[in-house]
Amino acid sequence: MLAEERRQLILDQLHKDQRIVVKELAQQFQLSVDSIRRDLSIMEEQGLLKKSYGGAVPISQVRVFPKPEEKRYGPPNESQDAISKLAASYIKPGDAVFIGGAGIQFGMLQHLPRHYPITIVTNAMKIADTIKGWDHVESYLIGGKLRITSGSFIDPLAIEQVRKFSFDICFVTGGGITGKGISMATPDGGSFTRAVIESARLRIGLAPNEKLGRDLFASSIPLTELDVLITDKWASRSFIQQAEKAGVQVVIATTNSEPMMTMEGI
Numbered sequence: 001m002l003a004e005e006r007r008q009l010i011l012d013q014l015h016k017d018q019r020i021v022v023k024e025l026a027q028q029f030q031l032s033v034d035s036i037r038r039d040l041s042i043m044e045e046q047g048l049l050k051k052s053y054g055g056a057v058p059i060s061q062v063r064v065f066p067k068p069e070e071k072r073y074g075p076p077n078e079s080q081d082a083i084s085k086l087a088a089s090y091i092k093p094g095d096a097v098f099i100g101g102a103g104i105q106f107g108m109l110q111h112l113p114r115h116y117p118i119t120i121v122t123n124a125m126k127i128a129d130t131i132k133g134w135d136h137v138e139s140y141l142i143g144g145k146l147r148i149t150s151g152s153f154i155d156p157l158a159i160e161q162v163r164k165f166s167f168d169i170c171f172v173t174g175g176g177i178t179g180k181g182i183s184m185a186t187p188d189g190g191s192f193t194r195a196v197i198e199s200a201r202l203r204i205g206l207a208p209n210e211k212l213g214r215d216l217f218a219s220s221i222p223l224t225e226l227d228v229l230i231t232d233k234w235a236s237r238s239f240i241q242q243a244e245k246a247g248v249q250v251v252i253a254t255t256n257s258e259p260m261m262t263m264e265g266i
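The numbers in my numbering rise by one with no breaks, and the one at position 3 of the sequence shown is 3.
By construction, these hints were calculated from the structure, which means they are not laboratory data.
You may find that some hints are simply not true.
Said to hold, decoys possible - Subject to a maximum C-alpha distance of 20 Å in a straight line, what follows is the list of computed SDA-like cross-link-like pairs (lysine to any residue):
id	residue 1	residue 2
1	Lys85	Ala96
2	Lys233	Ala218
3	Lys16	Glu44
4	Lys164	Glu138
5	Lys23	Arg37
6	Lys51	Glu24
7	Lys92	Gln110
8	Lys16	Phe29
9	Lys85	Arg72
10	Lys245	Val228
11	Lys16	Arg6
12	Lys85	Glu44
13	Lys145	Trp134
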């Protein structure tokens with residue numbers, strides 16, 4: 001098989017599975033790991049994919065808008081669930097926390113101990129509706145103009161309201177995350193996230209690998225504004241190094257069968 005044919009097959013598989021693993025490709029094509037890595041390096045130079053730790057993920061477009069609710073709040077993949085679970089472990093009894101409306105933030109709720117007396121502030125209808133019957137949770141819903149596509153409030157009124165709160169912890173994410181920071185599809189989304197960060201004592205970013213390398217339309221916050229960034233084992237080594245250089249503690253969320261790692265464990 002010619003190298004170009006092999007790379008096309010790799011690209012087809014990436015589009016289908018949304019990620020590829022070097023070791024699996026080496027076995028599939030009966031080649032060395034180094035040969036596959038060279039293929040991925042060439043394909044990255046051609047703008048066909050983004051290399052990550054142990055494999056590669058797709059290149060995404062600049063304008064990425066919220067998925068339909070049934071997909072955004074559907075069953076998470078393994079790495080997203082691991083990030084949600086680890087993020088929830090940072091919340092302690094008595095904390096006042098901000099949780100937004102992204103799927104990975106919604107996933108935190110199933111990992112929160114129901115007996116914890118905590119306060120949750122959110123700008124997402126889905127989050128508020130889910131926690132409204134929890135006995136030990138005091139909840140606040142940020143208002144404003146409802147964005148139908150996301151089910152969230154992120155307009156100037158919502159930004160003004162969220163600034164009236166102070167949080168022990170906030171959990172933020174975005175449509176794109178690079179060494180420069182977090183970016184969003186809209187300027188309002190970026191402004192709202194900045195307001196949340198300014199109101200929090202501990203600022204935690206959630207960075208699933210599929211969002212890494214994206215640089216979306218509107219910038220939100222630089223990585224230096226975060227205290228902790230939780231990502232997964234598919235995160236690229238270069239991104240992790242950039243984050244730690246920015247003074248952010250990077251934690252790798254792993255599945256139940258794998259130990260939790262920081263950069264030193266990679």
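Between the alpha carbons of lysine 51 and glutamate 24, is the straight-line distance 20 Å or under? 15 Å, holds
Would the hint linking lysine 233 and alanine 218 be met if the CA-CA limit is 20 Å? Roughly 27 Å between the alpha carbons, so the hint for lysine 233 and alanine 218 is violated.
Restraint status (C-alpha distance of lysine 85 to alanine 96 at most 20 Å): Satisfied, since the Cα-Cα distance of roughly 18 Å is no more than 20 Å.
Is the hinted pair lysine 16 and arginine 6 satisfied, with a Cα-Cα distance of at most 20 Å? With a Cα-Cα distance of about 15 Å, the restraint between lysine 16 and arginine 6 holds, given a limit of 20 Å.
Is it true that the CA of lysine 16 sits at most 20 Å from the CA of phenylalanine 29? Answer holds: lysine 16 to phenylalanine 29 is near 17 Å, not above 20 Å.
Is lysine 85 close enough to arginine 72, meaning Cα to Cα at most 20 Å? 17 Å, holds
Between lysine 23 and arginine 37, does the CA-CA distance stay at or below 20 Å? 10 Å, holds
Checking one constraint from the list: CA of lysine 145 to CA of tryptophan 134, max 20 Å. Satisfied? 26 Å, violated
Would the hint linking lysine 16 and glutamate 44 be met if the CA-CA limit is 20 Å? Distance of about 18 Å is within 20 Å: holds.
Given hint glutamine 110 paired with lysine 92 - CA-CA distance at most 20 Å: 15 Å, holds
Hey, lysine 85 versus glutamate 44, does the alpha-carbon distance stay inside 20 Å? 31 Å, violated
Given the hinted pair lysine 164 and glutamate 138, is their alpha-carbon gap at most 20 Å? Between lysine 164 and glutamate 138 the Cα gap is close to 16 Å, so the pair holds against 20 Å.
Consistency note: the structure conflicts with the earlier hints numbered 2, 12, 13.
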